[in-house]
Amino acid sequence: MERQRKTISCFMWLAMAGMIFLGVQASSVALAEYPDRPVEIIVKGGPGSGISQLGHFAAKLAPKYLGQSMVCLYKKGGSGAVAQAYIQKRSADGYHVFMDTTTTAIVLARGKVPFTEKDWQGVIRLQVDPQGVAVRADSPWKNFKDLAAWIRKNPGKLRWAGSHAVGIDPYTVALLLKATGLDSTDIKYVPAEGASHMTTMLLGKHIDVATLNPREVKEQEAAGNFRVLGTGHPERLKDHPNWPTFKEQGFDVVVAIWRGALVKAGTPAAVVKKLHDTFNAMRQDPAFVQFLKNASQIDGYMGGPDKFDPFFKEQVQKMKAYFAK
Amino acid sequence: MLENWILGLNQLTQWQVLVAIIFGVGMGIVVGAMPGLSGVTGVALMIPFTYVLSPIVSVVLLVSLYSAAEYGGSITAITINTPGTPSAAITALDGYPLTQKGQTGRALSLSITSSVYGGLFSTVMLIVFSIPLAQVAIAFGPVQYFALGVFGLSIIASLAGGNWLKGVIAALIGLLLKTVGSDPLTGAFRFTFGWPPLWDGVAFVPTMLGLFAITEVLIIIESGAKSRLIKGAAFSTERMPWREIRGLWKCMLRSGVIGTVVGIIPGAGAVMGSIVSYNEARRFSKKPEEFGHGSLEGVCAAETANNGVVGGALVPLLTLGVPGSGSTAVLLGALMLHNVAPGPLLFSKHPDIVYGIFISLFLANIVMLVFGLVGVRFWLKVVQVSPAVLAPLIFGVAFIGAYCVGGSVGDIVVMVVIGLMGYVMRKFKLPLVPVVIALVLGEMVEISFRRALIISGGSFLVFVKDPISLGLLIVAVLSIAYAIIRDVRPSQTKQAH
Numbered sequence: 057m058e059r060q061r062k063t064i065s066c067f068m069w070l071a072m073a074g075m076i077f078l079g080v081q082a083s084s085v086a087l088a089e090y091p092d093r094p095v096e097i098i099v100k101g102g103p104g105s106g107i108s109q110l111g112h113f114a115a116k117l118a119p120k121y122l123g124q125s126m127v128c129l130y131k132k133g134g135s136g137a138v139a140q141a142y143i144q145k146r147s148a149d150g151y152h153v154f155m156d157t158t159t160t161a162i163v164l165a166r167g168k169v170p171f172t173e174k175d176w177q178g179v180i181r182l183q184v185d186p187q188g189v190a191v192r193a194d195s196p197w198k199n200f201k202d203l204a205a206w207i208r209k210n211p212g213k214l215r216w217a218g219s220h221a222v223g224i225d226p227y228t229v230a231l232l233l234k235a236t237g238l239d240s241t242d243i244k245y246v247p248a249e250g251a252s253h254m255t256t257m258l259l260g261k262h263i264d265v266a267t268l269n270p271r272e273v274k275e276q277e278a279a280g281n282f283r284v285l286g287t288g289h290p291e292r293l294k295d296h297p298n299w300p301t302f303k304e305q306g307f308d309v310v311v312a313i314w315r316g317a318l319v320k321a322g323t324p325a326a327v328v329k330k331l332h333d334t335f336n337a338m339r340q341d342p343a344f345v346q347f348l349k350n351a352s353q354i355d356g357y358m359g360g361p362d363k364f365d366p367f368f369k370e371q372v373q374k375m376k377a378y379f380a381k
Numbered sequence: 014m015l016e017n018w019i020l021g022l023n024q025l026t027q028w029q030v031l032v033a034i035i036f037g038v039g040m041g042i043v044v045g046a047m048p049g050l051s052g053v054t055g056v057a058l059m060i061p062f063t064y065v066l067s068p069i070v071s072v073v074l075l076v077s078l079y080s081a082a083e084y085g086g087s088i089t090a091i092t093i094n095t096p097g098t099p100s101a102a103i104t105a106l107d108g109y110p111l112t113q114k115g116q117t118g119r120a121l122s123l124s125i126t127s128s129v130y131g132g133l134f135s136t137v138m139l140i141v142f143s144i145p146l147a148q149v150a151i152a153f154g155p156v157q158y159f160a161l162g163v164f165g166l167s168i169i170a171s172l173a174g175g176n177w178l179k180g181v182i183a184a185l186i187g188l189l190l191k192t193v194g195s196d197p198l199t200g201a202f203r204f205t206f207g208w209p210p211l212w213d214g215v216a217f218v219p220t221m222l223g224l225f226a227i228t229e230v231l232i233i234i235e236s237g238a239k240s241r242l243i244k245g246a247a248f249s250t251e252r253m254p255w256r257e258i259r260g261l262w263k264c265m266l267r268s269g270v271i272g273t274v275v276g277i278i279p280g281a282g283a284v285m286g287s288i289v290s291y292n293e294a295r296r297f298s299k300k301p302e303e304f305g306h307g308s309l310e311g312v313c314a315a316e317t318a319n320n321g322v323v324g325g326a327l328v329p330l331l332t333l334g335v336p337g338s339g340s341t342a343v344l345l346g347a348l349m350l351h352n353v354a355p356g357p358l359l360f361s362k363h364p365d366i367v368y369g370i371f372i373s374l375f376l377a378n379i380v381m382l383v384f385g386l387v388g389v390r391f392w393l394k395v396v397q398v399s400p401a402v403l404a405p406l407i408f409g410v411a412f413i414g415a416y417c418v419g420g421s422v423g424d425i426v427v428m429v430v431i432g433l434m435g436y437v438m439r440k441f442k443l444p445l446v447p448v449v450i451a452l453v454l455g456e457m458v459e460i461s462f463r464r465a466l467i468i469s470g471g472s473f474l475v476f477v478k479d480p481i482s483l484g485l486l487i488v489a490v491l492s493i494a495y496a497i498i499r500d501v502r503p504s505q506t507k508q509a510h
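The listed protein sequences correspond, in order, to chains H and U.
Going left to right, the first sequence walks through residues 57 to 381 as this note's numbering numbers them.
Going left to right, the second sequence walks through residues 14 to 510 as this note's numbering numbers them.
I should point out that these hints are in silico values taken from the structure, not numbers from a laboratory.
A quick note: this is a predicted structure, and the numbers were derived from the prediction, not measured.
Each hint should be verified, as a subset may be incorrect.
[To be verified] The list that follows gives simulated cross-link-like pairs (lysine-lysine, DSS-like), each with its CA atoms no further than 25 Å apart:
no.: 1; chain 1: H; residue 1: Lys294; chain 2: U; residue 2: Lys114
no.: 2; chain 1: H; residue 1: Lys201; chain 2: H; residue 2: Lys244
no.: 3; chain 1: H; residue 1: Lys349; chain 2: U; residue 2: Lys362
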């Protein structure tokens, strides 16, 4: 009996000590200045993917400017749906940064996740990767105008590949066809598994046209195998001044994959600004400039969160309209 | 040409390169042997560490890791019936029965020798024929991939040793699992039950872990953790003498060729290489009835081929800039980070890298041989560990493996469900390897079929008009017919007696 009482009182003391400890912890969380603990960068792409490389690189370089360590986590599944849920389940305090791509805009626009663009706050755009169209160098088409004219004369014949059936590539093809006054039935859209797959199919003459980004096409173009008919950049690319843009050929199509940082909506403005300033300083670090150059990526900075956030939300709206059709 | 070799050899005078080879091979064997981690994840996980290294040291490290991982998978396949890599599932077909007979030492020494032979053979092929062989890579479009996939699936009928129907049932279960996820061509969700972890399909790594690791643990528990040796067998540490290994030269040569050629075809991969060469080994064998019950030729065929794939997969990467396998795709990303973009100009722009890869492949295989032969001693200890100790260890490793790659609890759920399914399948004596093959090839067959029809405008004639496709489809039909006839005949003669 005596022993039992002792045990109980011992537990009571322990419980009280624990409560005091937690209370102190909680109050210190509320009071401390952001960031007082490591910040997570969440990516949805597996090891080796472009976004995973950016996430890990940022986690290595940005702590210098944040004054706090960062860790890059990979949350796999559902084209980023699992990663989105992981962040949305947590509080909007800026400790979970979503390093992501255009894919999220598409996933949100398709409405397959229980979140909308209003659940997110854009922080910064770090890279843009313009969409491009390439053909074999022995093809009759010298520019995108030629190609459009050929499609008009031979409807339903052209084998045009892009990555997957839903995503930025089919979206790009749809935009280009619309700008040309053509319809999706005027070509055969061939969903491919990715850039390497399209390159192989194009080399082997299994397809006629491929939707490729600069870094995916530049080696084949330099070797004289492929010809670039147009890019979705507003002006000609600095590293490839011989590639025409769609715009200069009279097709008003500017389309690119972006990569950047988002946080859960409702994150305090001061925290968003702190994150933006951190990544913005990292962006100008020579090591990051070299990283972009090696990956053939273009700096995508477009201004603070007040620029990127509306851009992101508008893109989701545009894609919603595209999927509604 | 000669100056390029000198350039390549020159790279080896850097001590960092030699350290990279030794470290890469060591890591590769561990990564390959760990169920849940394969060459692809190993290479990918290593990338962040290569930022600080020079391009040549990084690429040598990653290539060494990749080739050693293909061997590493066989260790756990042979010792604990849990293949560390997908292609080692074919090795387990005969490797584990050898362990049950107490001949682990023989199986392991054969597996390392075959792997090294396959690796060296494909390296020579890569160096001598890479430019003409690259044409094989681009000859394969949707039409040909469909036929190749059907050919691969047709092997299942003859794989299930004596019961083609059970093999087919198991394959259908695999194909059914493969239909889960977003439709590869339209993006519509199929059988995902509104659960995001299933959106990208039933994840492959957790499936492998469930099918082999979890199922094995359940079987061990059920048997009361008894010794895995079959009645009358005694455990022996005897290795396979060189004389006997040499006797398998025909099997090695054939499997080396098959592995290399399959490796060149982008996306066909090590599993395809292993099953095709396993099937051919049995066809040419004097003792085909031993396959599936501990045939040394079976282990030799699977292991030679999956390392042969390594050299083959590098052919399109180095000549065309197109990866031939999952691991080489990651390697391509790594090279780009170091500002070495693989493409048609790689040989002229970066001969140091290309010839550095060639020479390091030779060295990596030699280092692998040393590690492997020395390692046999340790792996033999694993077999001697009591199943009562081994089972919880496998169980723990499986859970870690399933979670750590994707960081998703959903993957653990998938693993457990598939594990229970695998247990039920084993109770019904259904083979598990066809499930793996169907998972790997099911997607290739489905997507290529539909893609080919999009291109042909709905006409089925494309599959018979193309010579490659027609040839593969005919071989597929013949091999199914052969398997059925072979199964039916003996039972008739038995009845006649």
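These are the hints, each one checked on the structure:
no., hint, result
1, H:Lys294 / U:Lys114, "violated (66 Å)"
2, H:Lys201 / H:Lys244, "holds (18 Å)"
3, H:Lys349 / U:Lys362, "holds (18 Å)"
In terms of the numbered hints stated before, the structure departs from hint 1 and from no other.
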